[in-house]
Amino acid sequence: MTYKIVASQCTSCSACEAECPNVAISEKGGTFVINPKKCTECIGYFDVPQCVAVCPVDNTCVIDNSLPRYQPAGGAA
Amino acid sequence: MEEAFQPNEFEAANADQLGDLLQKIADHKGCGTSGGSGKASCGTSAGPADMAPEVWEKVKNHPCYSEEAHHHYARMHVAVAPACNIQCNYCNRKYDCANESRPGVVSEKLTPEQAAKKVLAVASTIPQMTVLGIAGPGDPLANPAKTFKTFELISKTAPDIKLCLSTNGLALPDHVDTIASFNVDHVTITINMTDPQVGAEIYPWIFWKNKRVTGVEAAKILTDRQLQGLEMLTERGILCKVNSVMIPGVNDQHLVEVNKAVKSRGAFLHNIMPLISAPEHGTVFGLNGQRGPSAQELKALQDSCEGEMNMMRHCRQCRADAVGLLGEDRSAEFTTDKIMEMEVKYDIDARQAYQNKVEEERMAKVEAKNAELQTLAGEASDVSILIAVATKGSGRVNEHFGHAKEFQIYELSTKGAKFVGHRRVDLYCQGGYGDEDSLETVIRAINDCAAVFVAKIGGCPKDQLIAAGIEPVDQYAFEFIEQSAIAYFKDYLGRVNRGDIQHVVRGDADIRQGAFIEV
Chain X
612 MTYKIVASQC TSCSACEAEC PNVAISEKGG TFVINPKKCT ECIGYFDVPQ CVAVCPVDNT
672 CVIDNSLPRY QPAGGAA
Chain R
12 MEEAFQPNEF EAANADQLGD LLQKIADHKG CGTSGGSGKA SCGTSAGPAD MAPEVWEKVK
72 NHPCYSEEAH HHYARMHVAV APACNIQCNY CNRKYDCANE SRPGVVSEKL TPEQAAKKVL
132 AVASTIPQMT VLGIAGPGDP LANPAKTFKT FELISKTAPD IKLCLSTNGL ALPDHVDTIA
192 SFNVDHVTIT INMTDPQVGA EIYPWIFWKN KRVTGVEAAK ILTDRQLQGL EMLTERGILC
252 KVNSVMIPGV NDQHLVEVNK AVKSRGAFLH NIMPLISAPE HGTVFGLNGQ RGPSAQELKA
312 LQDSCEGEMN MMRHCRQCRA DAVGLLGEDR SAEFTTDKIM EMEVKYDIDA RQAYQNKVEE
372 ERMAKVEAKN AELQTLAGEA SDVSILIAVA TKGSGRVNEH FGHAKEFQIY ELSTKGAKFV
432 GHRRVDLYCQ GGYGDEDSLE TVIRAINDCA AVFVAKIGGC PKDQLIAAGI EPVDQYAFEF
492 IEQSAIAYFK DYLGRVNRGD IQHVVRGDAD IRQGAFIEV
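Chains as they are written, first to last, in the working numbering: chain X, 612 to 688; chain R, 12 to 530.
What the hints contain is simulated information worked out from the structure, not anything from laboratory work. C-beta: ideal position from N, C-alpha, C; glycine also. Don't take each hint at face value.
Claimed, not checked - Output of the computed footprint for chain R on chain X, the stretches with three or more beta carbons under 8 angstroms from beta carbons of chain R:
(1) 621-627
(2) 635-644
(3) 665-679
Take these sequences, add in the hints, and give me the full structure.
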């Protein structure tokens with residue numbers, strides 16, 4: 612539960628939606644949003660969060676500091 | 012306005028680079044066909060004489076593949092593909108891509124179903140609309156599901172419309188078979204380099220195998236995928252056009268190598284476009300002051316690559332949602348709200364009947380040109396000049412000087428009239444009276460021309476054009492462009508030979524930056 616999309620920066624290009632392994636991203640009110648209940652920061656899937664890597668505008672997919680960081684199940688590290 | 016324009020300021024700034032370029036050209040000319048006068052003028056302007064009949068059949072009504080067709084046929088793009096898999100320094104995705112789709116104008120994103128409806132609506136309204144392209148605003152193959160769904164819907168409801176797409180090539184090898192299965196027979200790949208060192212200056216990153224890859228490594232992957240994709244397409248008989256953005260000091264000289272690389276892999280047409288980079292576009296190049304080429308630099312590079320390879324010079328670098336003839340944009344007539352309300356009746360027979368009439372007009376135009384060319388047969392002269400033509404289509408001199416949004420540029424010599432480019436200008440005449448600043452812009456844009464052909468022109472701009480050394484010509488109003496141009500050139504040579512006028516070599520001209528201004 613931890614990445615979010617800065618709505619004012621989002622170009623609505625939808626690139627992140629297709630890359631998210633958790634199907635956590637969807638369009639809402641013209642821009643894209645991440646469902647914090649589904650986001651795993653891509654831990655267990657990829658080395659880097661896919662939304663961050665594919666987003667054309669820097670600093671648009673960012674850690675949501677208002678929420679606790681994602682904890683992988685099984686208590687790893 | 013007198014103080015404004017110094018043609019020599021270009022020459023001072025760019026003389027060194029132009030010199031280098033001309034040297035490259037001299038070197039490169041050796042590997043093209045040196046004779047081939049027919050091929051050289053091809054730029055796909057010629058007809059079956061210098062083109063295999065099956066190729067001509069594919070391009071004859073495709074405005075983006077045939078210079079000749081672009082006077083008569085229209086295309087449309089549907090913006091169903093917003094996502095992209097690479098970042099280019101000439102593109103700012105916050106305002107769409109500055110080069111392949113015009114900046115500042117937000118495209119309406121469409122679903123495949125909306126796009127299919129829009130295509131039917133446009134095709135019913137504009138019977139000469141023959142081509143549907145998907146060009147973004149991202150990369151069509153970074154949105155494969157949306158792109159191919161759109162093709163599937165359109166091929167069912169409007170089977171006479173040609174399908175094409177334009178891609179950066181990164182994902183291309185993965186989709187070649189699907190492209191072939193939808194009978195997409197025109198694919199454009201944007202290839203700006205084959206040397207990864209050059210590429211690293213153009214592409215900050217690519218998204219590849221779930222990672223962001225940067226620098227030379229990214230450019231290496233990209234060029235390998237582009238060339239592999241190009242080979243796979245041409246093996247399957249799919250016509251490929253290569254677009255290259257000319258970035259002075261970055262890839263301008265290198266594009267001669269790119270031309271060789273794509274030619275050897277079977278590309279049909281090479282379209283070298285000027286970089287568009289105004290600071291207000293917010294692109295990396297725009298912000299760091301990277302300039303675009305002048306008209307003379309662009310033409311020199313295009314000329315240098317014109318051997319056995321057809322060069323495209325009529326590209327308008329249009330938006331990913333453009334509608335209409337190249338150089339016009341009717342997208343505002345077909346917004347999603349409007350098309351959803353439209354009663355659409357798709358009448359394939361009526362479209363065909365209209366297009367048959369267009370073909371008759373085209374034949375008449377070609378015959379008129381050939382007849383006029385006969386009269387030049389005895390002339391021998393090294394003189395060549397450029398002229399600017401105000402036209403709104405159909406290959407005729409049929410636009411008022413003050414209403415022209417662009418001028419088409421023809422090079423005239425004893426070989427005939429050859430289309431070599433176009434210049435976009437702000438609309439100079441608004442509401443019937445001239446605006447001096449705009450006229451200045453027009454003169455800058457056609458400063459390399461000896462004459463400007465118009466359907467009509469007012470007294471004031473006429474005097475100022477003459478003062479700038481550009482002859483305003485309205486005697487060919489509504490006539491065919493090429494026939495008129497050849498007749499004018501014959502007269503020009505006569506006047507030079509009699510000593511009535513002096514032939515002078517004109518200076519350089521501006522390529523206008525910034526977004527197209529809608530009225």
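Quick rundown of the hints versus the structure:
no. : hint    : result
1   : 621-627 : holds (count 5)
2   : 635-644 : violated (count 0)
3   : 665-679 : holds (count 3)
Checked against the numbered hints above, the structure breaks only hint 2 and satisfies the rest.
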